[in-house]
Every structure is written in C-alpha cells, then in structure tokens.
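Undergrad: Using the sequences and the hints, build the whole thing.
Taken in order, these protein sequences are the chains called C and A.
Mapping to full-length UniProt numbering: the first sequence position 27 is 27, numbers consecutive.
Mapping to full-length UniProt numbering: the second sequence position 393 is 393, numbers consecutive.
Hints are computed from structural coordinates only; laboratory data are not their basis.
Do not rely on the hints blindly, as some may be mistaken.
To be verified - Computed spacing ranges between beta-carbons, pair by pair:
id : chain 1 : residue 1 : chain 2 : residue 2 : range
1  : C       : Arg169    : A       : Glu310    : 44 to 54 Å
2  : C       : Gly313    : A       : Trp322    : 22 to 32 Å
3  : A       : Thr156    : C       : Gln364    : 25 to 35 Å
4  : C       : Val384    : A       : Asp36     : 41 to 51 Å
5  : C       : Asp217    : A       : Asp36     : 36 to 46 Å
6  : C       : Arg306    : A       : Ser335    : 42 to 52 Å
7  : C       : Gly145    : A       : Thr134    : 18 to 28 Å
8  : A       : Val384    : C       : Asp233    : 15 to 25 Å
9  : C       : Asn26     : A       : Glu310    : 24 to 34 Å
10 : C       : Ala20     : A       : Trp322    : 45 to 55 Å
Here a beta-carbon is modelled for each residue, glycine too, at the ideal position from N, C-alpha and C.
2 protein chains.
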Amino acid sequence: MNAIHTNPERLERFLTEIAAFGATANGGVTRLALSDEDRDARDRLREWFEEAGCETRIDRMGNMFFIRPGRNRALAPVMTGSHCDSQPQGGRFDGILGIIGGLEAVCALNDAGVTLERDLIVVNWTNEEGSRFTPGTTGSGVFAGKLDREAMYGLTDRDGLTFGAELERIGYKGGDDFDPRPLHANFEYHIEQGPVLERRGKTIGVPKGIVCLRWYDVEIQGVPNHAGPTPMDERQDAIYAFSRMAGRVFDIGLASDGVVATVGEVHPSPNSRNVIAGHVHFTIDIRGWDETETDRVCEEIEAAIRANAEATGCTVEIRQTWAVERAPFHPELVSLIHEVAGELDLPALDMVSGASHDTVYINQFAPSAMIFVPSIGGRSHAEVEETSWADCAAGADVLLNCILKTANDPESVTYAAPE
Amino acid sequence: MNAIHTNPERLERFLTEIAAFGATANGGVTRLALSDEDRDARDRLREWFEEAGCETRIDRMGNMFFIRPGRNRALAPVMTGSHCDSQPQGGRFDGILGIIGGLEAVCALNDAGVTLERDLIVVNWTNEEGSRFTPGTTGSGVFAGKLDREAMYGLTDRDGLTFGAELERIGYKGGDDFDPRPLHANFEYHIEQGPVLERRGKTIGVPKGIVCLRWYDVEIQGVPNHAGPTPMDERQDAIYAFSRMAGRVFDIGLASDGVVATVGEVHPSPNSRNVIAGHVHFTIDIRGWDETETDRVCEEIEAAIRANAEATGCTVEIRQTWAVERAPFHPELVSLIHEVAGELDLPALDMVSGASHDTVYINQFAPSAMIFVPSIGGRSHAEVEETSWADCAAGADVLLNCILKTANDPESVTYAAPE
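TA: Given below as structure tokens:
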C-alpha cells in the first residue's frame with residue numbers, strides 16, 4: 001500500500017484553535033487538568049471527533065476515547081493519543097499534538113475513503129502533567145491498573161479541591177468502565193522536549209523506550225548562626241554544604257555514560273540574608289537508559305553527598321523516594337516507525353525518551369511505541385515551546401501510516417507480548 | 001574608687017521575668033518590634049525603672065529614655081542601653097541584656113547610695129532587629145539624624161501595617177523630641193553572638209569597633225528545560241551555576257584575612273523537581289574589620305561569580321545593594337573597659353563586633369564602646385541562644401563600673417571627638 005498524507009493546513013488549524021483554550025499572553029498555554037480550560041478543550045475535541053464520525057466513550061477517570069469503527073469490530077483495536085492538559089505556563093504542543101495528530105489521521109483516512117480492518121481509538125488521557133494534581137499520568141495509570149481510582153479521586157490541589165469533585169464539576173466523570181483491551185498496538189505521537197533531533201538535523205525521533213528514573217530528597221542539617229560574628233572556620237553552613245553537593249551531582253552526571261542528573265528544587269532555611277543557613281532540603285532527578293550505569297551514578301552521587309556533608313560539618317539524610325525501571329518499547333513497532341519514516345523520506349533517529357509519558361503505563365500491557373518530532377531549541381514545559389508546522393505534519397504522516405499498516409493487520413498478525 | 005557590684009540574683013530575676021513577654025515553647029522569645037509583646041515588655045521596663053527612681057521620656061520614634069538624675073544636671077550625661085525587640089524565634093539575651101544590665105546598674109547604685117555627678121540615661125531603642133519592619137536600628141538611626149522619621153513611619157510589615165500606625169497603636173509614639181545631646185559617653189552591653197569568647201575562655205569581649213559590611217544581590221539567568229530529555233552538556237542550569245558560585249564565596253571567605261562571606265538566601269525558579277532551573281536569585285553578606293581586605297574579597301568574589309556564569313553558559317547580574325564602613329569605637333572608652341575588667345579580675349579579649357548594633361549610629365556623634373559576654377556555642381538569633389547567669393552578672397559589673405567612672409568625670413574631662 002502506498003503512503004497517504006495528512007492535510008497540513010487542517011492540522012495547523014486544529015492546533016491553532018485548540019491552543020486558544022488556556023492561551024497565555026506569551027504564546028503558551030495554561031490548561032491544568034480538570035480546570036475550565038481543560039473542560040473547554042475536551043468539549044471542542046469531542047465536537048471535532050464526532051464531526052469526523054467517531055463514537056465517544058468517557059470512563060470514570062475522565063479518559064476520553066474517540067473510536068473510528070473498523071470493518072471487523074471483533075479484532076483488537078489500534079490505539080493512539082496523548083493528553084490535553086498542560087503545565088502552568090506550558091507550551092502549545094506538549095501532549096495535545098498527539099491527540100490532534102490522531103484527529104488529523106482520522107480526517108485523512110476519511111478524505112482517502114479508507115475503512116480500516118480494526119477499530120482506531122484516539123484517546124485523551126486525564127492529568128498527564130500532574131502539575132495541579134500530583135502524581136501525573138493518573139488517567140493512563142488507572143487504566144493500566146497500576147494506580148487506584150479512588151485514591152486518585154482523593155488527590156487535592158493547592159486550594160484543597162479534590163480530583164474527584166473537579167472531574168465531576170467539569171462534567172467528565174464518565175459512568176462506565178470502557179475497556180477496549182486487548183489492544184493490537186498503541187502509538188503515542190509527541191514532541192521530543194529535548195534538543196537532540198534539532199541538533200542532529202532529523203525530523204522523526206524513534207525512541208527505543210523511556211529511560212529509567214530515580215528521585216531523591218536530601219535534607220542537610222547545619223547550624224544556623226549570625227552571619228557576622230561567626231568565623232568561617234567555625235561554620236556548619238547548610239547552603240555551603242548544598243553548593244558542594246549540587247556541584248558534584250551535575251559533574252557526576254556530565255561525566256557519566258548518558259545519565260542525566262538534575263537538582264531542581266532547593267529550600268534553604270531560614271533563607272535570611274544575614275543568617276548562616278541551618279537547613280537545606282533539595283531534590284535530585286536522575287535518568288538514564290542503562291539501568292546499571294544509572295545505579296552506578298546514583299551510588300557515586302550518594303557517596304559524594306555524604307563526603308561533602310562530612311567535609312562541611314553538616315549531617316545529611318538521603319532518601320530515594322521513587323524509582324522507575326526503564327520502559328523498552330515494542331521492537332517490531334519501533335522498526336515499523338523507522339520503515340514508515342523511510343517510505344516518507346523523513347530522516348529518522350534512534351533515540352531514547354528522557355521524559356515520561358502515558359505510554360509508560362500502556363506499554364505494560366500492550367505493544368507500544370512513540371513518534372517524536374523536534375522541539376525548537378530543545379525547549380519544553382515553557383511558553384516558548386515550539387515545533388515547526390512542517391515537522392508537526394511530518395510526524396502526523398508517520399502516525400497516519402503506522403495506523404494504516406497496523407489497523408489493517410489481519411487477525412492472524414499479533415505483536416509478541418511485551419518483555 | 002573601689003569597684004562595686006551588681007546583684008546577680010536580681011539581675012537573673014529581671015532577665016527571667018522580661019523573657020516571659022513573647023516566650024516561645026523552646027525557651028526563646030518572639031518579641032517583634034511594635035507588637036503586643038514589645039508593648040508589654042516596654043510597660044514592665046517603665047515600671048521597673050520608675051520604681052528605681054528614674055524619669056521616663058519617650059520620643060516620637062518610641063525610643064524610651066530612663067533617666068537617673070545626677071548631682072550636676074547641666075553636665076553631659078552618660079548613656080547606656082540596647083533594644084528589647086527580638087528576632088522571630090530569637091533568644092532571651094540579644095538586646096534586652098543591655099537594657100536590663102542598665103537597670104541593674106541603676107539598682108546597684110541605689111543600693112550603694114551613690115549619686116553620680118552626671119545624669120545616667122538607660123535607653124531602649126525601637127526596632128533594632130528589623131525583622132518585622134526593615135531596615136533595623138531605626139530608633140537609633142533617626143535619633144542620630146541618619147534615617148528619616150517620616151520614612152520610617154511609612155515602613156510596612158507583611159500584613160501591610162505601618163510602623164507609624166503600630167507605634168501609635170501600642171501607645172509608644174511620644175509627643176516630644178527628647179534630646180540629651182551632647183553625650184559624655186555611651187556604652188552598649190550585649191551578648192557576643194559568636195563563638196570567639198567561649199573558644200578563647202574569656203568572659204569579657206572588648207570590641208575595638210564594628211566590622212564593615214557589603215551586601216550583594218545576584219541574579220543568574222539560565223535556560224529552564226525538562227530535566228529528562230536535555231543532555232548534560234547542553235544545559236544552562238542556573239542551580240548548577242549557583243552551586244559553583246556559592247562554593248567559591250565560602251572558599252574565598254575562608255582563605256581571606258578575617259573576612260566572613262555568607263550566602264544566606266537562595267531563590268531558584270521554577271524550583272520544580274523535574275525542571276532545570278532557569279533562574280536563581282541569591283544574596284551575599286560580606287564583613288570584615290579591614291576595609292581593604294574586605295574590598296579585595298568582594299572583587300575576588302565578583303570575579304569568581306562572573307567566571308562561573310561564563311563556565312556554565314549562564315548570564316549574571318551582580319548588584320552591591322548596601323555598603324557600610326567600619327565603626328571604630330572610642331579608644332579611651334575601649335581602654336576603660338579593659339581597665340575595669342582588670343580591676344574586677346575578669347579575663348577580657350580584644351576583638352571586633354561582626355554584628356551591627358544601635359551603637360553604630362550613636363558612635364557617629366558620641367564617644368562609644370561596647371561590652372560583650374560569651375554566647376554559649378556561639379549561637380544567636382535562635383531560641384537556643386544562651387549566656388550563663390554568671391557571665392551576665394560579670395558583664396553587668398563591668399558596665400556598672402564603667403558608668404561609675406565616666407558619670408563621675410568632672411566637667412573638665414571630655415573624650416576626644418570620634419575620628
């Protein structure tokens with residue numbers, strides 16, 4: 001079968017229109033999960049998918065499933081999609097591109113008069129970002145049976161509002177447990193959120209999986225004291241101890257084999273100009289494709305933190321608060337994406353995903369893979385997040401043709417179960 | 001004249017009773033300027049001083065002057081005193097010891113039946129700490145003509161309440177501009193707030209003056225980005241830049257000739273666990289006795305900050321927001337304190353004051369000096385702040401006998417004008 005193409009003008013129009021929901025003055029989007037802006041975007045998505053002939057199902061977590069019926073509805077369906085919530089002052093592409101890409105695939109299939117063998121389901125997963133209600137990827141996590149629905153209903157935002165009440169308020173607490181499993185294949189189309197594709201001059205990123213993750217919380221205890229009368233050699237300055245530790249975290253990451261290490265939060269106390277800090281709480285986020293190398297980096301960082309606590313006369317408590325194994329995608333689907341990109345003459349790059357996605361959960365029970373397009377300047381989770389319209393269309397073309405192939409797989413074809 | 005002594009039991013009782021105003025559960029004091037607790041402590045001080053035969057004058061800044069009349073009231077008076085406000089969760093000695101020391105001196109003079117030649121004035125300066133209304137030392141600053149009274153009335157706390165309205169509310173906005181100048185001599189008795197006396201085994205600290213001070217505000221601009229997909233060698237991580245800079249600030253201070261350098265405040269943005277920081281604002285407090293060495297340290301620190309901004313791909317803005325010259329005390333009064341400590345068999349140490357005090361302002365127009373006693377563990381501006389009762393009494397004895405000598409100086413004796 002020859003490749004078919006999406007309509008770049010329509011894709012751009014969809015993306016531009018949906019970016020109005022929660023638009024910020026600086027060209028970004030604030031569309032927090034279960035906010036009015038989230039509701040309005042959901043309403044519009046539903047209109048568009050239903051105009052394109054899809055059925056809508058909404059489950060108890062507010063996950064929205066838009067179904068384009070196939071010829072043989074008894075076959076396992078193909079799924080694609082992502083999320084329409086955003087970070088506060090986030091970008092116009094993160095998440096929503098994967099849903100609009102699916103919508104445009106549906107429209108392009110309609111334009112071409114193609115009826116697929118299998119159902120195609122485009123999904124909007126609830127609360128991927130986790131900015132308002134932590135943790136994120138709650139919709140896909142509950143769908144995968146890895147998070148407890150009632151516990152997620154009980155999550156509260158900073159104003160004390162609960163996930164469950166807000167889901168109901170915006171009218172997206174569905175009444176039934178829609179379950180299309182088993183899935184034949186699952187694709188998530190997303191912006192890269194890093195600089196690798198742009199730097200390497202490639203249009204399509206084909207991640208072999210999502211990196212593993214380790215989170216740490218570190219508490220440094222020093223001795224608070226007046227900044228004037230305390231000689232330098234009698235200080236137990238928690239900010240100084242922190243500065244040595246944070247420097248080592250970065251340097252160890254830099255020297256590693258592909259592991260990244262980030263100190264993202266620092267909370268000193270009393271945080272007063274003329275007082276030596278008595279306490280610092282900080283966080284570390286460590287990720288890598290190679291679990292062994294990642295654990296080696298973790299050990300080296302833990303040792304460096306302890307050594308620097310000792311050298312500065314402080315005490316330290318290191319807690320690893322979260323550890324997620326890497327998620328390798330389905331090799332046949334990864335190969336398929338390469339093959340399709342080749343047919344479309346789009347330069348593609350083998351890579352890994354440094355960010356987590358809803359597909360981490362779906363990948364646990366269904367053959368899955370992801371399609372990336374370049375983020376200009378590597379920027380994401382920021383209003384300046386940008387991807388060219390041409391790259392948006394290129395990624396949508398890859399998604400469309402991956403769907404075309406897999407959703408026409410006969411009943412006899414199955415992808416081997418995930419490792 | 002032979003030395004006379006204070007009454008240690010009475011001194012302890014005064015200090016214990018006054019510590020009840022704003023007492024915290026952990027043995028400290030929260031007695032912010034112009035709070036109800038400040039008012040209650042002021043009321044009690046006034047009762048005690050008036051019971052001891054003093055006249056009370058209150059000026060428009062709420063500074064309280066307790067006057068023990070001398071034989072010849074036309075002579076320039078001797079002044080002593082400090083402040084009764086505290087840091088939030090501060091200690092029971094910082095400031096108040098200097099007022100209670102003066103009160104005990106008055107009582108001891110009464111006990112001994114001594115009438116001094118000159119008036120003795122014990123003062124409670126309003127808002128030394130500056131915790132609630134910034135800047136601090138406002139009462140002494142206005143008295144010295146260095147701060148503008150109306151501007152100080154306009155200072156607001158975090159709840160938007162003004163200094164002027166709060167001063168009036170607690171009933172301490174006096175109606176007249178009491179001005180006892182010229183002063184013959186001024187002594188401030190205070191805890192050391194550092195570890196030097198304890199470490200050196202001395203009871204009385206005799207600072208030759210107060211160190212000079214430089215304050216900086218530094219803004220680091222990096223590039224915020226997702227902590228997962230951004231390779232280590234493509235980061236412009238403002239927290240990493242900060243960590244290198246803060247490490248250098250400490251190390252440069254440590255290697256200097258007696259200069260101390262403190263990073264007390266750090267404000268990263270967005271301060272999120274999985275986002276590379278795009279911005280950090282931090283402060284530096286630099287102090288030293290030697291102005292030349294202090295300025296050399298400032299230059300070395302500024303250069304190190306710029307070098308580390310460049311090395312980490314960040315940009316930096318360095319602003320020196322405050323610079324105060326050192327305040328040398330009056331050499332004859334410094335010698336007098338040593339002489340009195342010797343007569344009392346109290347081991348004394350030449351030192352400098354790393355902390356600022358109301359006497360910085362008084363020293364600008366009147367011969368001044370300070371008397372320090374040890375801070376246990378060097379701790380201050382904290383609830384654990386502690387000084388032994390014996391040391392409190394020793395310092396009060398030194399103060400009493402310095403007063404006894406200077407307040408009996410005949411009209412012909414004057415201390416040379418400050419340099």
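Undergrad: Now tell me, hint by hint, if it's right for this structure.
TA: Comparing the hints with the structure gives:
With their beta carbons about 51 Å apart, Arg169/C and Glu310/A fall inside the hinted range of 44 to 54 Å. Distance hint check for Gly313/C and Trp322/A: the Cβ-Cβ separation is about 29 Å, which falls inside the suggested range of 22 to 32 Å. Between Thr156/A and Gln364/C the CB atoms are about 56 Å apart, so this pair departs from the stated range of 25 to 35 Å. For the hinted restraint 41 to 51 Å between Val384/C and Asp36/A, the CB-CB distance of approximately 50 Å keeps it satisfied.
Checked against the hint of 36 to 46 Å, the pair Asp217/C and Asp36/A passes, with Cβ atoms roughly 39 Å apart. In this structure the hint that Arg306/C and Ser335/A lie 42 to 52 Å apart at CB holds, the actual value being about 50 Å. Remark: the range hint 18 to 28 Å for Gly145/C to Thr134/A is contradicted by a beta-carbon distance near 55 Å. Val384/A and Asp233/C have their C-beta atoms about 21 Å apart, which keeps the hinted 15 to 25 Å range intact.
At roughly 28 Å, the beta carbons of Asn26/C and Glu310/A sit within the given window of 24 to 34 Å. At about 47 Å, the CB distance of Ala20/C to Trp322/A agrees with the hint of 45 to 55 Å.
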